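K.L.:
Given the coordinates of chain V, assemble chains E and X onto it according to the supplied hints.
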Amino acid sequence: MGKRVFITGIGIISALGDSVQANRENLVRGKTGIKKAKVLQTRYTEIFPFGEVPYSTEELKNQAGIADVKGISRTEALALIAAKQSIADAGLTDGQVASFDMALLSASTVGGMSLTDQLHDDASMIGPPSDYLASYNVGEHASNLIKRFGIKGLSATFNTACSSSANAIMMGAKLIKSGRCTRAIVGGADALAKYTVNGFNSLQILSPEHCKPFDKNRSGLTLGEGAAYLILESEEVVGNKKIYGEVKGYGNANDAFHASSISDDAIGIIASISGALTSADLPPESIDYINAHGTGTMNNDITEQTGMNAIFKKIPQFQSTKTYTGHTLAAAGAIEAVFSLLTMQNNELYTSLNCNDPIEEFNVSPIKSYKKDQKINNVLSNSFGFGGNCSSLIFSKV
Amino acid sequence: MFIKDLSCISAQETYHNSVFTDGVKDIEDLKIWAQEPDYKDIIPAGMLRRMSKLVRMSVATAGPFMEEHKNLGGVIFGSSNGSVDRSMRFLRQIIQYEEGTLTPTDFVQSTPNCVAGVLALMGNITGYNTTHVNQGLSFESSILDALLLFEEGKVSQLLLGGGDELSEANYNIESQRDLYKEESIATSTLLRSETKGTLPGEGVAMFVVEAEKTKESLAEIIDVDMIHHASKQEVAEKAVQFLNKNGLKPSDIDAVIMGRNGDVRTDNFYDHLQNELFPEQGIIVYKSLTGDYYSVSAVATWLATKVLSGTQLPSECIWKPLNNQPKTILLYNNCEGKQHGFVLMRGVYSSTSSE
Amino acid sequence: MAHEELELKLKTQIIKYLNLMELEPADIKTDAPLFGPDSPIDLDSIDAIELSVLLEREYDLKITDPKQGKKVMASVEKMIEYIVANDKA
Chain V
7 MGKRVFITGI
17 GIISALGDSV
27 QANRENLVRG
37 KTGIKKAKVL
47 QTRYTEIFPF
57 GEVPYSTEEL
67 KNQAGIADVK
77 GISRTEALAL
87 IAAKQSIADA
97 GLTDGQVASF
107 DMALLSASTV
117 GGMSLTDQLH
127 DDASMIGPPS
137 DYLASYNVGE
147 HASNLIKRFG
157 IKGLSATFNT
167 ACSSSANAIM
177 MGAKLIKSGR
187 CTRAIVGGAD
197 ALAKYTVNGF
207 NSLQILSPEH
217 CKPFDKNRSG
227 LTLGEGAAYL
237 ILESEEVVGN
247 KKIYGEVKGY
257 GNANDAFHAS
267 SISDDAIGII
277 ASISGALTSA
287 DLPPESIDYI
297 NAHGTGTMNN
307 DITEQTGMNA
317 IFKKIPQFQS
327 TKTYTGHTLA
337 AAGAIEAVFS
347 LLTMQNNELY
357 TSLNCNDPIE
367 EFNVSPIKSY
377 KKDQKINNVL
387 SNSFGFGGNC
397 SSLIFSKV
Chain E
5 MFIKDLSCIS
15 AQETYHNSVF
25 TDGVKDIEDL
35 KIWAQEPDYK
45 DIIPAGMLRR
55 MSKLVRMSVA
65 TAGPFMEEHK
75 NLGGVIFGSS
85 NGSVDRSMRF
95 LRQIIQYEEG
105 TLTPTDFVQS
115 TPNCVAGVLA
125 LMGNITGYNT
135 THVNQGLSFE
145 SSILDALLLF
155 EEGKVSQLLL
165 GGGDELSEAN
175 YNIESQRDLY
185 KEESIATSTL
195 LRSETKGTLP
205 GEGVAMFVVE
215 AEKTKESLAE
225 IIDVDMIHHA
235 SKQEVAEKAV
245 QFLNKNGLKP
255 SDIDAVIMGR
265 NGDVRTDNFY
275 DHLQNELFPE
285 QGIIVYKSLT
295 GDYYSVSAVA
305 TWLATKVLSG
315 TQLPSECIWK
325 PLNNQPKTIL
335 LYNNCEGKQH
345 GFVLMRGVYS
355 STSSE
Chain X
79 MAHEELELKL
89 KTQIIKYLNL
99 MELEPADIKT
109 DAPLFGPDSP
119 IDLDSIDAIE
129 LSVLLEREYD
139 LKITDPKQGK
149 KVMASVEKMI
159 EYIVANDKA
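Protein chains in written order, with my numbering: chain V, 7 to 404; chain E, 5 to 359; chain X, 79 to 167.
One chain only, chain V, in its complex shape (with noise of 0.2 Å):
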């Protein structure tokens, strides 16, 4: 069976706020953090809002501890303040962090390419040299963090597109289960960039007003930005720290059907959905709450409830976070992670916003108030993106 895999600390930044706290505070409240950009620097600001976090990267390096650093991207800095958050949170020692059976797995699918005009110049030669030659590497940050915390262990960065760090999250506990680590910090970052931006656009799939997730007229993604990180301990050493909760079951499948998009018959996120249902060893009823993928695109919410029906006799409560902090592409498989284990640490459910109009065709809509006092044992959580990607996770109250 294998060990199993808790989660003692979390962190977060996102368009909501730069602590758990404040996110959920928000979620609680129903308070969106998507509105007109400030920091990002591209024309479509004008048209599509987006869940910035409203700091600039200087700020946010402040807040790092690294202001003085050169050479430093956005995403590398929205990387670093959640991952020592988390590390803050479970309490670990340095000793714990610089031992060899500590891994460190993180995600990300602009790395540096946030810089986007210095990437192109640097690229072409034209003018000096940036400070950010090293820092465009999607994998950068993650190795800069293995630096900073003195990691010795195991790593992994994945690029799954919107399935990043939910596999980040997979590969942590399966490492831990194998006995190859007894501690791993997972997790994900990305930050807005001009490139993914007119990404995004060029597939005509960014919505110009505020996305709505299962909504019968949904116009599109929000796309936003963040970081989060969990450590996840084995058994063997957590002893009696605080847990929020078990990484109880994984699934990853692949679509193939179409680079951009899913296919009708939701072949993919069936089968991951199925997979972490089988290897968490529960039944579909079990499932007390989805947090689902939800971006907001025709694609995705039309496929991705076609899969809930398939495996659900009756669909579970689900909504969309994306609502609250717009699609954050690597990051968000991390960021709703930690959102699923405040539902159930917190016994509560948070409004998906903007689903005046819900689909028809299955006859169900997402979560419509914030609710309280709800009995959540069993979370799944659903990331999906380009390239068929379907990764699917499940979180146990313990």
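Careful: at least some of the hints might be erroneous.
Unchecked claim - As a list, the in silico EDC-like pairs of lysine to aspartate or glutamate whose alpha-carbon atoms are at most 16 Å apart:
no. : chain 1 : residue 1 : chain 2 : residue 2
1   : X       : Lys87     : X       : Asp165
2   : X       : Lys140    : X       : Asp165
3   : E       : Lys242    : V       : Asp107
4   : V       : Lys9      : E       : Glu155
5   : X       : Lys149    : X       : Asp122
6   : V       : Lys403    : V       : Asp294
7   : E       : Lys253    : E       : Glu241
8   : E       : Lys44     : X       : Glu100
9   : X       : Lys94     : X       : Glu134
10  : X       : Lys107    : X       : Glu134
11  : X       : Lys94     : X       : Asp105
12  : V       : Lys9      : V       : Asp107
13  : V       : Lys9      : E       : Glu284
14  : E       : Lys249    : V       : Glu215
15  : V       : Lys403    : V       : Asp363
16  : X       : Lys148    : X       : Glu159
17  : E       : Lys219    : E       : Asp33
18  : V       : Lys42     : V       : Glu215
19  : V       : Lys378    : V       : Glu31
20  : E       : Lys158    : V       : Asp287
21  : V       : Lys153    : E       : Glu238
22  : V       : Lys153    : E       : Glu284
23  : E       : Lys253    : E       : Glu284
24  : V       : Lys42     : V       : Glu31
Unchecked claim - Which residues of chain E face chain X? A partial, calculated answer using Cβ under 10 Å:
no. : residue
25  : Arg53
26  : Leu106
27  : Gly341
Hints listed in this document are in silico derivations from the structure and should not be mistaken for laboratory results.
Since the structure is predicted, the reported quantities are computational estimates derived from the model, not experimental observations.
Beta carbons are placed, not taken as given, at the ideal position from N, Cα and C, and that holds for glycine.
P.N.:
Frame of chain V; chains E and X shown alone:
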């Protein structure tokens, strides 16, 4: 985990394996480009039109496997840069058209997970699918992921690969980072150049790996390990710990495949490991054939499989002569002296022939 | 511009924008559907966006309504009709 089939595109003629019969090409250039096969007979034209160089090299290596090996249960691919040329093309569009209406194909193709996505699509492989971008450990992380997947027992075989493409854009960035030779030198002299920098290369090595040993198994990947930002001594300690964990000591290793890249600033890691732990063993090198890139240890794994399954290596690969036909091989590679990866492999050659 | 001339120009542009390197302009039938199961070259949704970029960059024609796009880009013939009808020159 056992390697059942393998294919490689590199600067040498590795795709048809004629590097082992016709010899190694000596290349004198600042960039060591891959020798790509004629794709016409390998990839349907309708698909080829959208493919970046990295994707087409990956499809050319993996494509034939999909015919020959049924039940491929997943795809795991390591690539730090992905289709970097497509990223740059999209970036140039953003600047040139001032964020106007842009064509999406370059954006969709640019992401590293595009390779594993295309392979899944072509082979209708709906199982496990991940892409690792852990810089110089991209392929080592991929091996680790595959080992974990097999341990779960749900998959019996899968595609495992690693590759990166070279383009003007990443050459410009990395050369400004002082990673490459400023002087033009022949690949044959790279490893004894005693100057800073290396030669950038590109390529893809693809494997069919299986959980259990079969008659078709060519070599075994026993385990993988890594360490970051470590001193020479810490790297050697990690190597010993890694071998011990697998019930071995340095003297049990018959040969070491080293990622020496001719950069005088970081080749001392290899010297130290050789002198401290493997003074008697044969040493195999390969970057003088292929150049260096993030996922190049996939080529080392390809080469190790060839040696372990009885192929005679070209003399250019021999840094220090082998004492005998190696049975157990350690692969060690470092990326910029900051990421250190180890892969432990064993032959199945003699044991299968005695069965 | 003569119809044949525009036809050749547009087909050449389609080949360039969609990187249909195996095709010559003559290989694209003017009246054959570009999309769907009956299309000899079977383009997909991303190709449709590429074609709308072509119309915008080469002919200064911006298609905003996807339904209109579907009609306009049904075949080379339909595209020519649209270009001629909206000729801004």
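K.L.:
For every hint, state whether the structure bears it out.
P.N.:
Tested hints:
1. Pair hint X:Lys87 plus X:Asp165 holds up; C-alpha atoms about 15 Å apart against a cutoff of 16 Å.
2. For a cut-off of 16 Å, the pair hint linking X:Lys140 to X:Asp165 stands: about 12 Å separates their Cα positions.
3. Of the supplied pair hints, the one linking E:Lys242 and V:Asp107 holds, its CA atoms being roughly 12 Å apart against a limit of 16 Å.
4. Between V:Lys9 and E:Glu155, the direct Cα distance comes to roughly 13 Å. Compliance with the 16 Å bound is thereby established for this hinted pair.
5. Between X:Lys149 and X:Asp122 the CA atoms are separated by roughly 15 Å; this keeps the pair inside 16 Å, and the hint holds.
6. Only pairs whose Cα atoms come within 16 Å are accepted, and V:Lys403 paired with V:Asp294 is accepted, the gap being roughly 11 Å.
7. As the CA atoms of E:Lys253 and E:Glu241 are separated by approximately 12 Å, the hinted pair is consistent with the 16 Å bound.
8. About 10 Å separates the Cα atoms of E:Lys44 and X:Glu100, which keeps this hinted pair within 16 Å; it holds.
9. Straight-line distance between C-alpha atoms of X:Lys94 and X:Glu134 comes to about 15 Å, which keeps the hinted pair within the 16 Å bound.
10. Using a Cα cut-off of 16 Å, the hinted pair X:Lys107 and X:Glu134 is violated, with the two alpha carbons roughly 22 Å apart.
11. Restraint check: the Cα-Cα separation between X:Lys94 and X:Asp105 comes to about 14 Å, which is no more than 16 Å; the hinted pair holds.
12. For the given pair, V:Lys9 sits about 14 Å from V:Asp107 by alpha-carbon distance, which is consistent with the 16 Å threshold.
13. About 40 Å separates the Cα atoms of V:Lys9 and E:Glu284, which puts this hinted pair outside 16 Å; it is violated.
14. Restraint check for E:Lys249 and V:Glu215: not satisfied, since their Cα atoms lie roughly 56 Å apart, outside the 16 Å limit.
15. Of the supplied pair hints, the one linking V:Lys403 and V:Asp363 is violated, its CA atoms being roughly 33 Å apart against a limit of 16 Å.
16. Between X:Lys148 and X:Glu159 the CA atoms are separated by roughly 14 Å; this keeps the pair inside 16 Å, and the hint holds.
17. Using a Cα cut-off of 16 Å, the hinted pair E:Lys219 and E:Asp33 is violated, with the two alpha carbons roughly 42 Å apart.
18. Taken as a hint, the V:Lys42 and V:Glu215 pair is honoured in the structure, with Cα atoms around 10 Å apart against an allowance of 16 Å.
19. Between the alpha carbons of V:Lys378 and V:Glu31 the distance comes to roughly 13 Å, so the proposed pair stays at or under 16 Å and holds.
20. Restraint check for E:Lys158 and V:Asp287: the C-alpha separation of about 14 Å stays at or below 16 Å, so the hint holds.
21. A distance of roughly 14 Å separates the Cα atoms of V:Lys153 and E:Glu238; the hinted pair therefore holds under the 16 Å criterion.
22. With a CA separation close to 34 Å, the supplied pair V:Lys153 and E:Glu284 exceeds the 16 Å bound.
23. Restraint check for E:Lys253 and E:Glu284: the C-alpha separation of about 13 Å stays at or below 16 Å, so the hint holds.
24. Between V:Lys42 and V:Glu31, the direct Cα distance comes to roughly 21 Å. Violation of the 16 Å bound is thereby established for this hinted pair.
25. With a least beta-carbon distance of about 4 Å to chain X, the hint placing E:Arg53 at the interface is held under the 10 Å criterion.
26. About 7 Å separates the beta-carbon of E:Leu106 from the nearest beta-carbon of chain X, less than 10 Å, and the hint is met.
27. For E:Gly341, the interface hint is violated, the least distance from its beta-carbon to any beta-carbon of chain X being 40 Å, above 10 Å.
Hint violations for this structure: numbers 10, 13, 14, 15, 17, 22, 24, 27, all remaining hints satisfied.
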